[in-house]
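Chains as they are written, first to last, in the working numbering: chain A, 1 to 320; chain B, 1 to 285.
Do not rely on the hints blindly, as some may be mistaken.
Said to hold, decoys possible - In silico DSBU-like pairs for lysine-lysine, Cα to Cα no more than 30 Å straight-line:
hint, chain 1, residue 1, chain 2, residue 2
1, B, K262, A, K134
2, B, K262, A, K271
3, A, K271, A, K282
4, A, K271, A, K154
5, A, K282, A, K134
What the hints contain is simulated information worked out from the structure, not anything from laboratory work.
Bear in mind that the values here come from a model prediction, so they are computed numbers and not experimental data.
Residues per chain, in single letters:
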Amino acid sequence: MTARPHLYALGAIVVLGLLAAFGLREAVVLDLIFTLLLYAVLGQSWNWISGYAGNISFGHAIFFGCGAYASALCVTHGLTPWLAFPAGALTAAALALVTGFPTLGLRGHYFSIATIAVAALVETFARTTPWLGKANGFELPIASGWAALQFPQKGPYVVLALALFAAVQLATIALERSRLGYYLRALRANHAAAASVGIDERRCKLIAFAWSAAMASAAGVLYAQYTLFIDPPSTLALAISIDIALIGVVGGIGTLWGPAAGALVYVVLAKAVALRFGGAGKGYDLVIYGAIICLIAALRPYGIVGTIVDAIRRRRGALA
Amino acid sequence: MNTFAQLLVGGLLTGLVFALVAVGLTLVYGVMDVVNFAHGEFLMLAMYGALGLALLGIGPLLGLPLVAIALFLFGIVVYRVFVRRLLAGPPEATVFGTFGLLVLLQGVAQATLTSDFQSVSNPPLQATLRFGPIALSQATLVEGIGALVLTAVLFAFVEYTETGRAMRALAEDRVAATLMGIDVQRVNGLAFGIGAACVGAAGSLLMLSYPVYPTAGAPFALTAFVVVALGGFGSIQGALVGALLVGLLEVFGGFYLAPELKLVPVYVAYLAVVLLRPQGLLGRR
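Taking the hints into account, I'd like the entire structure generated from these sequences.
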């Protein structure tokens with residue numbers, strides 16, 4: 001399996017993104033591109049543990065929240081928000097280890113339940129802790145420039161999100177070709193056989209989960225610097241975890257480009273729902289997202305990209 | 001001392017209701033290896049069902065068998081149409097598939113019935129009973145006893161009937177059970193229906209003292225996951241023991257920590273049990 005076509009595709013996306021960031025003035029379009037890239041990163045982060053490692057996470061919002069809260073805490077305490085990247089990533093990875101250590105050596109549902117439980121604990125903790133802003137969250141003071149990681153225009157934000165997206169995609173290409181990637185694939189294909197040749201399931205999956213958490217946290221830092229306001233519903237709630245899982249599932253679990261495809265579908269869908277039904281809160285968005293997850297699970301469990309890859313393989317098989 | 005006795009009895013009665021929610025979950029898991037993440041939303045539907053019947057003049061207790069039967073049929077349909085397909089896919093699909101069902105059912109409830117809290121008006125059994133230092137509402141007592149009776153009925157069914165034996169056979173060794181001529185799809189469907197009927201009964205009982213809203217089932221389901229892990233996935237006796245422990249943890253936690261932190265000891269207990277004894281207290285590996 002060669003990585004070259006994937007690298008070309010990624011290069012093309014980066015060039016297009018840079019052109020948009022420097023050429024476009026329309027705030028609405030740039031906002032859409034930023035959101036799309038951010039969700040693609042979150043989807044890929046979810047994909048590391050839930051796709052490649054095969055353990056479905058229902059609490060991914062808390063890792064995103066780690067970055068967002070780290071950013072808010074840094075800025076409100078007079079520190080540079082760049083510090084939030086390592087601080088948020090370490091916090092997120094620590095939470096991932098606490099959730100994963102007891103559960104990642106066991107059957108899948110133990111882990112999924114733990115992610116729900118830990119997410120509920122973290123949200124309760126943030127809601128009741130004064131130095132985390134309780135239910136009010138944080139408003140970030142306004143600043144400007146690369147040191148403060150805040151900009152009056154949206155272009156630089158798109159550049160930052162593009163850099164993060166490219167880094168995450170490169171890391172995933174590397175994962176697919178690494179020893180860890182092969183171990184994870186072996187564990188998913190035949191758990192007992194993989195264990196019998198000495199692959200340490202818990203260790204492999206913990207590494208994938210820690211990286212997954214760190215990526216989501218980086219997205220959280222950018223989000224906080226972009227919106228300049230965070231609170232539990234916008235960063236930690238189950239609804240955010242549902243969005244992230246939806247993106248991963250729709251695109252196709254365990255595929256390189258699935259999360260990006262899923263993010264594209266999600267952004268279009270969310271806009272359409274907001275236009276047609278006037279935003280979230282009335283339940284129509286949940287009806288549509290839930291129905292899509294159900295349909296994919298029952299009919300096409302490997303999502304859009306999985307289905308396309310399958311079709312191409314079949315065609316090649318028919319020709320050969 | 002009086003507070004302690006009060007909390008003890010309250011915790012055990014709460015635990016019995018948790019048990020009734022959890023036995024359905026553990027039965028389905030035992031038979032077909034599926035953790036139904038939408039279990040709490042089945043409970044929510046049952047609560048709305050009981051509420052609807054109450055509006056027609058049929059109280060929650062009289063309506064209980066009706067709601068249980070309705071949920072039984074609903075469960076069978078969900079199995080036939082949906083869960084059966086999930087079982088044919090990769091193992092991850094059953095996890096995110098039932099989670100999708102959770103999202104869908106919450107959304108439908110929110111879109112059609114609004115997010116308002118709704119309760120049965122003039123519910124029966126609101127008098128307070130006094131046993132020495134312990135005060136209990138009749139409703140709580142009826143909920144606890146009803147849950148205990150229904151759990152016992154389910155246990156007897158699984159233990160002593162032919163269908164129950166088939167379910168246990170499937171749980172023990174699917175391939176061997178199939179070779180012995182057990183119709184897997186039929187038994188799976190029945191188990192899924194019975195699991196739903198359990199929350200049908202539980203939902204009716206809960207309407208005696210709880211309000212219903214679209215996410216009303218979620219906290220009960222989370223508790224049920226913990227209960228089932230504590231007792232051992234697939235074990236009905238385990239679910240009962242686990243539920244009593246969780247009921248006590250939650251009531252004591254809510255009293256000694258703070259009401260909004262009452263689930264903290266429950267989740268910490270989950271992580272501890274999974275770390276130290278993953279098969280649960282009474283489960284098999």
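Each hint tested on the structure:
{"no.": "1", "hint": "K262(B) x K134(A)", "in the structure": "holds, 18 Å"}
{"no.": "2", "hint": "K262(B) x K271(A)", "in the structure": "violated, 38 Å"}
{"no.": "3", "hint": "K271(A) x K282(A)", "in the structure": "holds, 15 Å"}
{"no.": "4", "hint": "K271(A) x K154(A)", "in the structure": "holds, 19 Å"}
{"no.": "5", "hint": "K282(A) x K134(A)", "in the structure": "holds, 25 Å"}
The structure fails to meet hint 2 from the earlier list, while all remaining hints are met.
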